Amino acid sequence: MKHNTVTVLIADDQLFMRESLRAMLEKTKFVKTIHEAENGQLAMTLLAQHAIDIVLLDIRMPVVDGFEVIEYIDKLKLSTRIIALTAFDEEAMIFNLLRAGVAGILFKKTTHMQEIYTALIAVLEGKHFYNEKVSIVLHSKPDGIHHPPRIKLSAREFEIIVLLCQGLGTKDIAEKLFLSEYTIEDYRKEIIKKTNTKNTYELIHYALSNGIVAQ
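For the sequence shown, the numbering used here gives the first residue as 48, with consecutive numbering after it.
Hints were generated in silico from the structure; no laboratory data involved. Note that the coordinates shown come from a computational prediction; the quantities given were computed from them, not determined experimentally. Any given hint might turn out to be false.
No farther apart than 27 Å at their CA atoms in a straight line, the calculated lysine-lysine pairs in the BS3-like style are these [claimed, not checked]:
1) K218 with K155
2) K180 with K236
3) K236 with K223
4) K223 with K79
5) K124 with K74
6) K180 with K79
7) K218 with K76
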């Protein structure tokens, strides 16, 4: 791998995460340029303006989420390789990311700088790098990737379903996500509409029975 030849985009709404990733990348010998985006919309703008080799992509971001950024990269037929960073390790999220064709999957709860560095090297060499849990899920449900969910959820909607399944109410979810209760209610109503369920109880049952959230 040649020195100072790689351009990386860090797309994450958390300043601490961006700063940590930048500090790590600046210590490598192969990264030439680093761009940052705190939301998906800015990420798409930077992808259109620059030749990005790798994007370290947070899946849950404001304005435009990570899945929409992935679709944008595919639409423009960019050669950018994607390493997804997600706080969710549920089976549905893993299969959604695999179907989207990302080159790497890392989980924010457990990842560390050495794993991120290893993932970067593997992806730059044209390989894939998935957290160990991805292999475990694929082994337990080898045909899961061929059975997409019947609904398309944004990263935020997925997050809210997970919290509902954990037994949290609207007020608790609002506090946890730093959003208003009205916003959470709007999301809940939209998710119920998408899933064709009648209430939160049916929604939770739907999420569990369809593998959106692991039981």
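Hints, verified against the model:
no. : hint           : verdict
1   : K218 with K155 : 25 Å, holds
2   : K180 with K236 : 32 Å, violated
3   : K236 with K223 : 19 Å, holds
4   : K223 with K79  : 37 Å, violated
5   : K124 with K74  : 30 Å, violated
6   : K180 with K79  : 31 Å, violated
7   : K218 with K76  : 47 Å, violated
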